[in-house]
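For reference, the chains in residue letters:
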Amino acid sequence: MVRTDGRDIDLSLGVLSGEGSHQHVESVDERIKQIEPKPWGQMPTLSQHDPTYYDRPMLKEPVWKIDIPVYYFLGGAAGAALALGAAAQLLGDKGLQKFGRNCHIIGIIGSTVGGGLLIHDLGRPERFLNMMRVFRPTSPMNVGAWILSGAAPLAIAAGLFSNRPGMWGWIGSAAGYGAGVFGLALAGYTGVLISNTAIPIYQQVRRLMPVLFLSSAAASAASILDIVFEDPRAHRITLIFGTAGRLAELATGFAIEREAGKVEQVARPLKTGVSGALWRTAEVLTVASLVLAVVPGKSTARRKWAGVFGALGSLALRLAVHYAGAASARDPRASFRQQRAGFGAAELGNG
Amino acid sequence: MGAKGFFTDTTICIGCKACEVACKQWNQLPDDGFALSGMSYDNTVALGASTWRHVAFIERPVPLSNQIADGFSWIFSSDVCKHCARAGCLESCPTGAIVRTEFDSVFVQSDICNGCGYCVVNCPFGVIDRREDDGRAWKCTLCYDRLKEDMTPACAKACPTASIQFGDLDELRQRAHQRVDHLHELGMNEAYLYGADKESQPGTEGLNAFFLLVDKPEVYNLPPDPVAPAKKVKESWISMGLAALGVAAVAFGAVLAAREGNGHG
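Protein sequence lines correspond, in order, to chains S and L.
Per this note's numbering, the first sequence starts with residue -3, numbered consecutively.
Per this note's numbering, the second sequence starts with residue 23, numbered consecutively.
The hints are simulated quantities; they were obtained by calculation from the structure and are not laboratory data.
No residue lacks a Cβ here, since even glycine has one placed at the ideal position from N, Cα and C.
Wrong hints could be hidden among the right ones.
Listed below are the simulated EDC-like cross-link pairs for lysine to aspartate or glutamate, each with C-alpha atoms no more than 16 Å apart in a straight line [to be verified]:
#1 K179/L to E42/L
#2 K254/L to E343/S
#3 K238/L to D46/S
Far from chain L, by Cβ distances over 10 Å, these chain S residues were calculated [unchecked claim]:
#4 A83
#5 V224
#6 F225
From just these sequences and the hints, can you work out the full model?
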């Protein structure tokens, strides 16, 4: 039998032992098929001052699917909720026990569903445990795998055992404090993870991305708590926490536009295309939720709408970041101009 | 043993693509589909999961400096994984699937890779890729299996003009510098080495597969000042730490403000 994948090896005569021989092929790589030949004369000319290779991307686009931005959102909300839950455990009175429990519920759902999304996005999901075969501080994804595998079980333990009498209660509180610390890391490490890439826009704003992710996480945790649970004692907490988160989210967003704007080509995904539209949508939704949340009055409906807008704004923001990365990787001029402007290795000072 | 690598001298590349064919054949890589790109003679387009050598065909509206025919030059360059001294893919790999071998090359262990895709965005040259149907990341292995048997990598072996030279890195560097000097003597002053050592490319601390080029790196789809992303990430961890402290402080403040006796909830 002759294989039809280009190897053209008669298996009765040949052996597949090459280093690429186990590459599994079902169809031709879609991205290669996407090339549309252009008529002669319409090929991008090689300009001498601003050249590219036929406008082809220099970098590879991220292979991550929509699971990943949704995980940024869920993991962020879970992490911030766990931090809030730990604060309520430490400083709250008896009346805030229910609030702490609600925080743990969001922490459990967010971290477990988020973990499931991460595994689903792997090219070989059955090998997800390989993440734990090393500890590698140079890889934020590896560090994140350890953070997630600490945060999720701690959140579950805190949810099960908190406020119980005796030793179980003690274990529950300890788990709750641990989950709070791991939760903060869970909400923030994804910002570090994408900053640690060759993608021009992510690398350019690497000092701000973790701040954006953490503030967005705080905003979304408060929003979800407001939507899902009706707990009058908690309103003051979610109002303060959510307002701070939404304000920080907006401020960091503007700072990111400025920082990326240092190289015009790098900032383009924030202004154009799907990512630009999502970025603006996120801003509008966050402003709407901020206004609705701080208007005085005791309307439950208004608070819930503020939560809905806040959560959607946070989700739109993560999607915007996701698509902006893809657009940035597709644009060879973003990398070229960024590095020519001194934001490549030259930034490190020894170049 | 010792550090091995490639020196690709693009001035003597004739664009025959023997390296591409030899690589595909030896490594038993699947095809990429047959499509015409319209990009000169380059129908391979880019390096990828199943393309570990790629010859770039560049049609320039300017002549080379010692060229007789004027107004136009056609130059070729066989691109490959650079096996960087500071490799973004290796440093970012969360499973330890990507390792450095005894030949100083960067090798992906396909039986360990779980296809997280993080190396794909960490390569400053856009070399390594994951294909959808296989689910794992693949790239040039510097023919690890051949090196184990003291053989030359397939592409270098097949190159008819010695544009691709394989050998000990120290010796290759020496040879490359001599070649540049020689080209300068011949009046080809635009010739220079790309990524030959740490001094000329601090972001990657030197490439084990380096190049002799005659135009800006961008013309060949190479970055002018690449950097291993992990070199810059410390600032991200610091700002994450500060922001996390901020979130914790606000959480404590919010809970304190909601306590009994601190006004109404």
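Would you mind confirming whether the straight-line C-alpha gap from K238/L to D46/S stays at or under 16 Å?
-> 10 Å, holds
Satisfaction of hint between E343/S and K254/L, Cα-Cα up to 16 Å | The given pair, whose Cα atoms are some 9 Å apart, holds under the 16 Å limit.
Reported absence of V224/S from the contact zone with chain L (all CB gaps over 10 Å) = Consistent with the label, V224/S stays out of reach of chain L, its closest Cβ about 17 Å off (over 10 Å).
Within 16 Å, alpha carbon to alpha carbon, are K179/L and E42/L?
-> Roughly 12 Å separates the two Cα atoms, so the pair holds.
10 Å cut-off, C-beta based - F225/S kept clear of every residue in chain L | 13 Å, holds
Please confirm whether A83/S is truly not at the interface, meaning its C-beta sits more than 10 Å away from all C-beta atoms of chain L.
-> Contrary to the label, A83/S does not stay out of reach of chain L, its closest Cβ about 4 Å off (not over 10 Å).
Hint 4 from the earlier list is the only one contradicted by this structure; the remaining hints agree with it.
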